[in-house]
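S.K.: My request is simple: use the sequences and hints to build the entire structure.
In the order they appear, the protein sequences are chains B and W. The numbering of the first sequence is our numbering, which starts it at 1 and goes up by one. The numbering of the second sequence is our numbering, which starts it at 1 and goes up by one.
Hints listed in this document are in silico derivations from the structure and should not be mistaken for laboratory results. Misleading hints may appear alongside valid ones.
Which copy is meant is left open, because identical chains are indistinguishable; a pair holds if it fits in one copy or across any two.
Capping the alpha-carbon separation at 25 Å, the derived lysine to any residue pairs in SDA-like fashion look like this [to be verified]:
hint, residue 1, residue 2
1, 7, 36
2, 26, 72
3, 200, 101
4, 200, 43
5, 121, 173
6, 121, 174
7, 127, 171
8, 26, 70
9, 77, 113
10, 200, 177
11, 77, 20
12, 26, 175
13, 7, 33
14, 79, 45
15, 50, 113
16, 127, 178
17, 79, 6
18, 50, 119
Listed below, chain by chain, are the residues.
Number of protein chains: 2
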Amino acid sequence: MAAYDTKLQHILQSAARIFAAHGYEKASLRDISRETEMSLAGLYHYFRSKEELLFLIADTTFATIWQRLEAALAPVKGKPLPPETQIRRLIHNHLDYYISHRAEMKVLSVDSDALTGEWSKRFHERKRRYTAQCIEILQALARERGLPLDAAACRLSALALFGMMNWLYQWYDPRRDGDANLLTERMAGIFLCGFLAEGKGGQMPNAEPVRSARHGLFGTPRAE
Amino acid sequence: MAAYDTKLQHILQSAARIFAAHGYEKASLRDISRETEMSLAGLYHYFRSKEELLFLIADTTFATIWQRLEAALAPVKGKPLPPETQIRRLIHNHLDYYISHRAEMKVLSVDSDALTGEWSKRFHERKRRYTAQCIEILQALARERGLPLDAAACRLSALALFGMMNWLYQWYDPRRDGDANLLTERMAGIFLCGFLAEGKGGQMPNAEPVRSARHGLFGTPRAE
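M.R.: Right, here's the structure in full:
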């Protein structure tokens, strides 16, 4: 059983590299056979189709991120962590995993769109749960600080945050852009300062008058 | 000539829909022939390969965004707009085009990765110029407000902003998430408040003590 798991992990890592490099649609099982140094028949012992392989990569990646997040958010002596700490830990967990598993995260961010039917359904259930967790933390943070941000505003903020992080695969260069700690500081800094200031009605430190932030260029007063 | 251009535009719009729906690799010229109601021979009058078609969609989309941005940023009576206005207009221009051309923007954000050789080179030159414009505005904003943000910090912030916006294709629902004006207010609000507060060393409105924002969880003091 341990040998089976080790082999499967080797296959998933190799396949993630191939998918990330060539794109899921273009990559063939023959490419994966070459990369893993396993025969096609040997590979079919672990999955039944290229789509199942894609699902397995996306699913195990998500499962790992989720487990690590649960550990990072665990209450200390029965007391839940403050919401700001929770959101910083979510960001750090996501970025830390991302930059040490870039192939898997590109597959998760981009190629997973190719999943269909039951695979797609199971994948989107994980994604929905992960997003919901982030939205919940933001709602708790808004409540704690007395900010009038409703579920819709927290949802949009959560999705803006995931966009900020998931776009990494397009530009991240470890020599230039620093490690997960530095990225977390920068992104959590931008996101949290922005989220909290937005919630206060756009009181930007050192900013132009609030009027310009609220109604300035485009004339539309905010909906709430 | 006008007829040629009209037809080409029709082809690019139809092909963008097909690429966005099925993915570039999976979509066939036969799908595009069906969608445009043109023969394959007729299509080849406008481009020589599926890759050239992908390039044409990405290139004309980028060219349009760029032209509209130049118009939005044009100096008034010879005086450049304030940097904060410029960055708000860049965000509005991007989001406004994005939500009215979602197929093209998905192709631009995702499928354009499939471009190779000279096509890829020309596409990345446009992308580089667009990103550089955003970084320049952020640097001007930082200078104006006396914020100690160097080119690397402005680059990371610009890429975080593009991530926030380009991820839209994954979740944007016009009935739920509002129009370009509302999205601009929200995203510009989060981004600008965060960028400016970060530049001040993380003075978050209504925040936990600065120490926790700077060194709190992960132990690494910031690099600068």
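S.K.: Would you mind marking each hint as holding or not holding in the structure?
M.R.: Here is how each hint holds up against the structure:
Taking the closest pair of Cα atoms, residue 7 and residue 36 come within 25 Å of each other only inside a single copy of the chain (9 Å); across copies the shortest separation is 47 Å, beyond that limit. Taking CA atoms no more than 25 Å apart as the test, residue 26 paired with residue 72 passes in neither setting, with 37 Å inside one copy and 40 Å between copies. Proximity of residue 200 and residue 101 under a CA criterion of 25 Å is satisfied in neither setting, with 37 Å inside one chain copy and 32 Å between copies. With identical chains, the CA atoms of residue 200 and residue 43 are never at most 25 Å apart, being 55 Å at best within one copy and 54 Å at best between copies.
Proximity of residue 121 to residue 173 under the C-alpha cut-off of 25 Å is restricted to the inter-copy arrangement: shortest distance 19 Å between copies versus 33 Å within a copy. In this assembly of identical chains, residue 121 and residue 174 lie within 25 Å of each other by CA distance solely across copies; the values are 23 Å between and 34 Å within a copy. Both within a single protomer and between protomers do residue 127 and residue 171 lie at most 25 Å apart by alpha-carbon distance, with minima of 23 Å and 12 Å respectively. Taking the closest pair of Cα atoms, residue 26 and residue 70 never come within 25 Å of each other, the shortest separation being 35 Å inside a single copy and 37 Å across copies.
Proximity of residue 77 and residue 113 under a CA criterion of 25 Å is satisfied in neither setting, with 41 Å inside one chain copy and 48 Å between copies. Taking the shortest alpha-carbon separations for residue 200 and residue 177, only the inter-copy value of 20 Å comes in at or below 25 Å, while the best intra-copy value is 31 Å. In the homo-oligomer, the alpha carbons of residue 77 and residue 20 never lie at most 25 Å apart, since the shortest distance is 42 Å inside one protomer and 49 Å across protomers. Taking the closest pair of Cα atoms, residue 26 and residue 175 never come within 25 Å of each other, the shortest separation being 29 Å inside a single copy and 35 Å across copies.
In the homo-oligomer, the alpha carbons of residue 7 and residue 33 lie at most 25 Å apart inside one protomer (13 Å), although the nearest pairing across protomers, at 44 Å, exceeds that limit. In the homo-oligomer, the alpha carbons of residue 79 and residue 45 never lie at most 25 Å apart, since the shortest distance is 46 Å inside one protomer and 68 Å across protomers. Proximity of residue 50 and residue 113 under a CA criterion of 25 Å is satisfied in both settings, with 14 Å inside one chain copy and 21 Å between copies. In this assembly of identical chains, the alpha carbons of residue 127 and residue 178 lie at most 25 Å apart only when taken from different copies (22 Å versus 27 Å within one copy).
Taking the shortest alpha-carbon separations for residue 79 and residue 6, neither the intra-copy value of 37 Å nor the inter-copy value of 64 Å comes in at or below 25 Å. In the homo-oligomer, the alpha carbons of residue 50 and residue 119 lie at most 25 Å apart inside one protomer (12 Å), although the nearest pairing across protomers, at 29 Å, exceeds that limit.
Going down the numbered hints, you'll see the structure goes against 2, 3, 4, 8, 9, 11, 12, 14, 17, while the others check out.
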